[in-house]
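Hey, can you piece these two chains together into the complex? The hints should help.
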Amino acid sequence: MQSLTNRSKVVGSTKMTLMESIYLPAILNGMMITIKHFFRKKATIQYPEVKREFAPVYRGMHVLKRDENGAERCTACGLCAVACPAEAITMTSAERKPGEEKLFREEKYASTYEINMLRCIFCGDCEDACPKESIFLTDRLVPSDSLRQRFVYGKDLLVEPMEENKRIDISKRQTKEVLEFKKNKELQHNKLIE
Amino acid sequence: MQTEIIYKSILALAVFGITLFIAMYSTYAERKIAAFLQDRLGPNRAGPFGILQPLADGVKMFMKEEMIPEVSNKFLFILGPSIAMLTCLMTGAVIPWGSSITIAGNEYSLQVADINIGILYLLGVTSVGVYGIMIGGWASNNKFSLLGAIRASSQMISYEIGMGLSIIALIMTTGTLSIGEIAAQQHGGHWNVFYQPLGFLIFIVCAFAETNRAPFDLPECESELVGGYHTEYSSMKLGFYLFAEYINMFISSAVIATLYFGGYNMPFIGRFIQDPNALAIIGSVFLFCKIFFFIFLFMWVRWTLPRFRYDQLMNLGWKGLLPLAILNIAITGIVMWFTGKIN
Ligand code: SF4
Ligand code: SF4
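Protein sequence lines, in the order shown, are assigned to chains A and B. Under my numbering, residues 41 to 234 are what the first sequence spells out, in order. Under my numbering, residues 13 to 355 are what the second sequence spells out, in order.
If we strip away everything but chain B, and leave its shape as in the complex, we get (with noise of 0.2 Å):
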């Protein structure tokens, strides 16, 4: 028992660890990313290649003027990025992050809580989220910041719908509310996404508008709104918020990868490595390599895509995907029924 919470405590600490590293080099690969589609070289002075950016950029975050507006609301103020930071760190407790290794006779899985709601927790979590942005910019008593905010909201709530009976698509052929589960039924090559293309296509969709990354970056769109709900914000604060919105990146590609692209189920492998410990490292490598893939598919879209105007955005999501994902739902039902997995 004591093991098994100082390994939970150890795995805990490790993913909070890698996340928030992952996200620290998303900022340079988005900006390395940025530049190469446009034909620039990106950051290229600190460290070889440029490979201390980070490093910098966080220690001018830190440096940089506190600012807090007098007639904010200092509690709910420092309470948003908080909030936005905690629950995007939250998320990554239910992500399997690789089969189990073998210690001694003990099998220690590589997921922190194989809660058997796991993505109930995971959609409560990252809508708990957007109240980090909604507090933020409401506090900030600045009307950029509230429309931000009232944006970033409505957005995320329209989004949720669509993201969530897709989800429910995947439950019915999966039959499971664990992640770890939906992970290990993967083996062998049965990715989702091969039983659940238009789900797929709108659980994506919808992580774009989850995270607020381009084409839906409304919230914090500069032409319209300066900076959206993070104006007033400076500093480490203003530095949380983008730092989270990372974060839900890196989530989001993990939560894609393990739903719909088998986690770390990699096809044939097994035929070439026996030893359990060495697959299921190998499988972590592959959820990684899946993940970076991911990341990088939203910064492609990201300097591809020009900002959606809101009415289309709404238009997208009511009169687009949520009809398409009662669709989804209803074909994958009737595709059930005839082939005998209900009756």
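Isolated chain A (complex conformation) (with noise of 0.2 Å):
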């Protein structure tokens, strides 16, 4: 078998050798190894003062875009549920009223829409799935919680806020190869958010 590494050693239960039974010269040099990392620069993080700089493209919690006007964009088409492998997201659709269109982008819109954060493998298809640039994964974390029930997450959490200065950015998930998938006329639907 090809080794993965070339450190690597065969083991055996061959008798041990004179040197090897005196202990000393193998613990002698274990110890140099260790005192070796005792000057070594250390790999902790201090969590709550320095966080770790997450990928661009990181899959954190996931948020529902609004569009320009403030527009709820989902339209409760379903693709995300049938896209979760984890089927973590349910929703209910409702109409849209007369006088909604500053809620709601299309006639159809999700009355609720719940993610079960403890289901959610975090994999992003609901993104891919989406016609309506509505679903999002983005870099910030689900925090711990003691209730399981408090995991499922409805719009109240999902929805990003009405206000201007609050929408959740998510321009650094639109990578080069997702702008030029999107370029296809088949996909037309996908437009751009700004």
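Source of the hints: derived by calculation from the structure; they are not laboratory data. Check before you lean on any hint, since a few could be wrong.
Facing chain A, a subset of chain B residues (Cβ under 8 Å, in silico) [said to hold, decoys possible]:
no., residue
1, F48
2, L49
3, Q50
4, D51
5, R52
6, L53
7, W312
8, V313
9, W315
10, T316
11, L317
Which residues of chain A face chain B? A partial, calculated answer using Cβ under 8 Å [stated by the list, open to error]:
no., residue
12, T57
13, I67
14, G70
15, I75
16, H77
17, R80
18, A83
The beta carbon of each residue, even a glycine, is placed where N, CA and C say it ideally should be.
Encoded structure:
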């Protein structure tokens, strides 16, 4: 079998040589190795003060985006729920009433939308599936909690705030490849968010 | 006479306090050193650099719920950690923590009791220490505790022989059983380690085994025995057992430093400082530096080596160290005969 590193050693139950059964040379050798680590740079990141940098395309807590006018983009088509391998998403749809155009972009909208964060595996398939560019994964973490029920996130936690300055930035996720993909004529509905 | 008694009680209290203090901070040092050897930082939240961590640990130990198993023998269950703690604190009495200080014409020795059989006392007290572990393990009425206790006692008995024999060679060269005299003899760089290198090696290996430290920490081997002899213990009784281990480590380091590394002696220092009192204090500082080095060595080894298997441990003790120690005695005797020290 081919070894992955060049450091692998064949071990067997052969009798120890004299040098090995004295133990001391091996022990000194090991101690030299550990003392070298004593002076190494430490790998610890002091968490609350220092935070590890996230990859620009980190897949964390979801956001349901609004469009430029502040209307929810989601049309409750259910494609995300179908795409979800963990079956974490559920929703109920409702019809938009006259006068609610400011709130919902499409005629049909999601009256409830829930993601069970304990089921979710943060694969990002929901984001891929969404035809309305509504759901995105962000670099925010799902905070820990002591009650399982509280991990079912409703629209209150998922939909981004209305105020312009509190919108969740997802521009980092629009990488070159994603933009290229969106040029596809057949996916005309994938209009860019500014 | 009266001042003598007062002075001795003060000294005994001081040794007691210093021992506890150092043992307390050994727990902190252990965690820090372990962390550094593993590229981590270790405790650093309680106070600057986590310096208050031992206090927090102590408070935690005291506040924890006390549990005594229903089926245990209550008297012996409490007696176990008490003996462990008592014996390891008793050993500090015969260590010379420095030469002597002269105040107003009276000479005060920095050794609590310079008894002429100091080494025997040391060996005797440490072997009583094994009862603490054995009684505690047996009284818990738990098979893991019992197994841990059996392991501890057989290990300590086996290694005590090697330790005793290596000391016999030392006694042959020094000609005394008093630790104070042995320390004084090593004045001027005549450290015993140069005359007894093999004996020192055997002694330090046995010291590791006696204190139940890695790579000989089989009595509390987590992967097989849960916690070993202290599986059933909680709260400060567990704290006593753990604490006793650190005190033992401190005392062993002190004994190694005193018997083999000159104790409070430091070569050439007498040329720069004449005042005997200052010299005595500096000697104590040197002794503590040596002790700290050995404590560091204990920890360094612990975080380097994996645990021995039990048969390896017994093989090493009986088939390795014991013959070597006897050989060491023979060589010492022959060399002494040729150099005319004995006839
Ligand atoms: S990230 Fe994956 S698992 Fe989580 S909701 Fe979206 S599709 Fe489901
Ligand atoms: S988030 Fe997207 S895919 Fe999911 S229901 Fe809404 S529009 Fe459809």
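Here's how the hints hold up against the structure:
no. : hint : verdict
1   : F48  : 5 Å, holds
2   : L49  : 5 Å, holds
3   : Q50  : 7 Å, holds
4   : D51  : 5 Å, holds
5   : R52  : 5 Å, holds
6   : L53  : 4 Å, holds
7   : W312 : 6 Å, holds
8   : V313 : 7 Å, holds
9   : W315 : 6 Å, holds
10  : T316 : 5 Å, holds
11  : L317 : 6 Å, holds
12  : T57  : 15 Å, violated
13  : I67  : 6 Å, holds
14  : G70  : 5 Å, holds
15  : I75  : 7 Å, holds
16  : H77  : 5 Å, holds
17  : R80  : 6 Å, holds
18  : A83  : 5 Å, holds
The structure fails hint 12 only (numbered hints given earlier).
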